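Using the hints, position chain E against chain C.
First to last, the protein sequences are chains C and E.
Here the first sequence stands for residues 1 to 529, where the numbers follow full-length UniProt numbering.
Here the second sequence stands for residues 1 to 529, where the numbers follow full-length UniProt numbering.
Just so you know, these hints were derived from the structure itself, not from any lab.
Warning: the hint list may mix true and false statements.
As the list makes no split between identical chains, a pair holds if one copy fits it or if it spans any two.
[Claimed, not checked] Simulated pairs of lysine-lysine, DSSO-like, Cα-Cα distance not exceeding 30 Å:
| hint | residue 1 | residue 2 |
| --- | --- | --- |
| 1 | Lys71 | Lys258 |
| 2 | Lys258 | Lys290 |
| 3 | Lys111 | Lys282 |
| 4 | Lys86 | Lys462 |
| 5 | Lys436 | Lys79 |
| 6 | Lys31 | Lys111 |
| 7 | Lys141 | Lys111 |
| 8 | Lys282 | Lys141 |
| 9 | Lys60 | Lys71 |
| 10 | Lys226 | Lys74 |
| 11 | Lys79 | Lys462 |
| 12 | Lys58 | Lys111 |
| 13 | Lys71 | Lys226 |
| 14 | Lys79 | Lys58 |
| 15 | Lys74 | Lys258 |
| 16 | Lys226 | Lys79 |
| 17 | Lys111 | Lys436 |
| 18 | Lys462 | Lys74 |
Please read these numbers as outputs of a predicted model, since none were measured by experiment.
Number of protein chains: 2
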Amino acid sequence: MSPPAAVDEIVASAATSGPLAVEGIPALRAKSAPIPTGVAPAVNSDMFKSQHCYTKPKSKRWDHVFSVESKSRKSSTLKEAARYLKNPGLISLGGGLPSPEYFPFEQISVKVPTVPGFTPEETRNSGAVLTASKGDVREGKSIFDLEVALNYGQASGTPQLLRFVTEHTELIHNPPYSDWQCCLTPGSTYAWDSILRMLCNRGDYILMEEYTFSSAQETALPLGVKVAPVGMDGQGLLPESLDEVLSNWDEAARGASKPHVLYTIPTGQNPTGATQSAERRKAVYQVAQKHDVFIVEDEPYYFLQMQPYAGPDSEPVPPPASHHEFIKSLVPSYLSLDVDGRVLRVESFSKVLSPGSRTGWIVASEQVVERFARTLEASAQNPSGIVQLVFFKLLDEHWGHAGYLDWLINLRMQYTGRRDTMMHACENYLPGDIAKWIPPAAGMFHWIEVDWKKHPGLASGKTRGEIEEEVFHAAVNNGVLVSRGSWFRAAGASEENMFFRATFAAASSDGIAEAIHRFGDALRAQFGL
Amino acid sequence: MSPPAAVDEIVASAATSGPLAVEGIPALRAKSAPIPTGVAPAVNSDMFKSQHCYTKPKSKRWDHVFSVESKSRKSSTLKEAARYLKNPGLISLGGGLPSPEYFPFEQISVKVPTVPGFTPEETRNSGAVLTASKGDVREGKSIFDLEVALNYGQASGTPQLLRFVTEHTELIHNPPYSDWQCCLTPGSTYAWDSILRMLCNRGDYILMEEYTFSSAQETALPLGVKVAPVGMDGQGLLPESLDEVLSNWDEAARGASKPHVLYTIPTGQNPTGATQSAERRKAVYQVAQKHDVFIVEDEPYYFLQMQPYAGPDSEPVPPPASHHEFIKSLVPSYLSLDVDGRVLRVESFSKVLSPGSRTGWIVASEQVVERFARTLEASAQNPSGIVQLVFFKLLDEHWGHAGYLDWLINLRMQYTGRRDTMMHACENYLPGDIAKWIPPAAGMFHWIEVDWKKHPGLASGKTRGEIEEEVFHAAVNNGVLVSRGSWFRAAGASEENMFFRATFAAASSDGIAEAIHRFGDALRAQFGL
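Next comes chain C alone, as it looks inside the complex (with noise of 0.2 Å):
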């Protein structure tokens, strides 16, 4: 085995020549295969990655971290079968594929937005409605159509959108590895039970930050899994820390062996909104390295990274002034820094796009992505293919990269509004001598402490616990519901401090600022301020 890549060098290279860029997406298209536009047609990342990605070393092999039940995954018996159905002339009576006739769809429509008027009222006054019927593919309209989309589909996703996701993936990650495959998911929720499934046994740890997003905690308890907390301080996940838990790991005492998987959110961190620096996740990496760690990394919020705060009288920042300003003003991912193919990054279109579409993506090295796609082609098999057909419709053939990266623009510029709302309704209303934050970079929450050893009630014996809950009920009781704090604590970690998760993505922005100062008045009346 070849000695590691310094992550140094290849952030460096990475930056300077950037292969693949949103201009060369056409050339790119031009001189690949035709992508095929039958029913379930295998495919997957190769025929859509850019020459570029194979000047590059391959990822390491994994086969030391897969479950026994991952291990033991074989490829479904009637998906090899199709493989006929490659034979000129041939007649299926094969699969058990319906026929679209008796699909009661002839005809799908949606109305979105046209560049750059992207707010409802542009879009219900001058949006684009894109169509697919049923025949768009047999009468050359389009390469993908309804009475496809209708049908069954590969678990790694339809080729058309699946381009899609591979080619952005090249132009924001371009992970330093050449076997970096995509595979659609039904959702990070999905994905990451999976990747639990495919990685751990029953018994094993797994490494997560110590406040963390509550179910993907309650996803792995039920498997057996269990927590091993990793400290954190204002940007997340503290390499020291993690290198403690790992170098000091007593199989004895634990009962189990090192942990051998990281779960984080690198990103606008949920719950406390902290975000990684390109330093620290280097750091990171490397302790991974040095301990054979395989990282997941959790990216809902990569796209809601904001504009730096600026102080409450300051002017707000305007929006990067180009595509390749933008692109270059993300902190890299940890699948961007990923010389051994240690990463699976899990993505997700929920935030930018819709939850309620239940699909998303994850990329990986070919042999981890295998195992993936194994596992859900015995589950979910895929995300719905009308779903898939409307992002396509959307993403590639009315917005384009270029489109899609104005409309992530935009949504930077609509979140740091709201965060700057949040913000300046904090300074305003809550009590700076026992409420400290830091302003959010990245995501949809801000994370409040509150000095709990200031409440009057220590003195009559109250615990950390008690307090907190108290502070919950008298601010939904002054009409503001907030998270508490000890919902997101992972198992076993310990809890000196007292945290308030707050999220401004929802509320209107006079929402946000009354229910702050719903907020601060319970905490005075709480701490008799």
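Below, chain E alone, put in the same frame as chain C:
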């Protein structure tokens, strides 16, 4: 515990009292509480069932059937917190729901058939265009809209589609206990994977038909779940064989306790096409009661029950004259016989609306559905909201229950025609001295037994498997793909006979005849006839 009710009594009473009919639905809805129309409301089927359901006894408890994984599942912390949202005037900064202005879809439309013009041509010419916009609920235009569909949902599904499937379940199956529930699923393959996780630990055996849907077995094996095959005849699963396997179960020899889960495809079984009669189902249910076995009935082909096969020269049998007659003509489901609540019915829209929807549902007792939903909310969450909305627009707002039954009757006649085409082709083209079959009464599959002992290769020592492979390739080389029977054999089942599976669901009428002609020629050449 009270003694089990006699299956016969229940069936007789359900058949005569007929508590909920299509015509009764408007009155039922009028008496119910208003359906919740917000984002992700927590509801269950109880809200939509008729009063008649509550006159029945409750199901048994099934605490003893759940797996270690399932028993340890808890409710989602964050979903629990949503109950505070009911406080009037409360501003939520609690959840992580994105604001709908950031979902770039203002409107969705589908063009669908209007009763009775069900063909694609009629739909293109005179179908209805159903439209949903973001603000339909706010504007009083509908009880379900795009804004809600695009956001997060609950595991049991949106109330709007859950109501339809609950009513449909009562209309068709009218379960003989009171506390049954429905839960939407992202497809039956997903449901089966989750059911295995819910009911089985590694090392457990499940009971399956000796020839079964290969993917169903491939889903079980990596979970460490082994298969105990049960014998079949032309009506499918044999109760005597089931009883024998269970009565003679040797824990020591098998290294596992007696199986407590039976997986069966009772109607139009895949691959054999066999349909269990009402008498057969009652006998199987009684064996399940005797050995306390929980039954999973996987029923994608239930509404592909066809008109009786009348032979080559007979007139086609006319369609059912009314909805009542149609419902009466359906073979009773296990669910409709289920006095104990020991049945989990897996329902699918794949064969009757679209497999690409990845949307179906399950029916079982409240206790079982609750455990199922806990698995779902920690993995796929729910089927796509976009699909749920489109199905609601078609099934509920446009067709209603009556129109959906008309569609199902239409499908029956279409499949009857396809089945008849294949039967006629088999009668014309297959060599009767080596090929035999039973005309299927339901489903998509025709199961052809070929007498491999008459193959000339036998003399030169070829095995059954080698002859099967040779015949398969001879057919492919002659331009027809059929499926090999051995692909569907349950692990451990003996294999004395040789079968091929041919589907009449996909190819055109001419294609079916030509394909069977080619298969017949290949057989003749192979067998030297």
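The hints, checked one at a time:
1. Lys71 to Lys258: both (20 Å within a copy, 27 Å between copies)
2. Lys258 to Lys290: within (13 Å within a copy, 47 Å between copies)
3. Lys111 to Lys282: This pair counts as neither: shortest intra-copy Cα distance 42 Å, inter-copy 52 Å.
4. Lys86 to Lys462: Intra 72 Å, inter 29 Å, cutoff 30 Å: inter-copy only.
5. Lys436 to Lys79: Cα proximity of lysine 436 and lysine 79: across copies only (27 Å, versus 56 Å in one copy).
6. Lys31 to Lys111: neither (32 Å within a copy, 37 Å between copies)
7. Lys141 to Lys111: Both. Shortest intra-copy (19 Å) and inter-copy (18 Å) distances satisfy the 30 Å Cα cut-off.
8. Lys282 to Lys141: Neither, since 47 Å and 53 Å both go past 30 Å.
9. Lys60 to Lys71: For lysine 60 and lysine 71, the Cα distance is within 30 Å only inside one copy (17 Å; across copies 38 Å).
10. Lys226 to Lys74: both (27 Å within a copy, 15 Å between copies)
11. Lys79 to Lys462: between (61 Å within a copy, 27 Å between copies)
12. Lys58 to Lys111: For lysine 58 and lysine 111, neither the intra-copy (42 Å) nor the inter-copy (48 Å) Cα distance is at most 30 Å.
13. Lys71 to Lys226: both (21 Å within a copy, 16 Å between copies)
14. Lys79 to Lys58: within (27 Å within a copy, 42 Å between copies)
15. Lys74 to Lys258: Classified as both; 28 Å inside a copy, 27 Å across copies.
16. Lys226 to Lys79: Between copies only: 22 Å across chains, 35 Å inside a chain, cut-off 30 Å.
17. Lys111 to Lys436: Answer is neither: 43 Å inside a copy and 54 Å across each miss the 30 Å cutoff.
18. Lys462 to Lys74: Result: close only across copies, 27 Å inter versus 56 Å intra.
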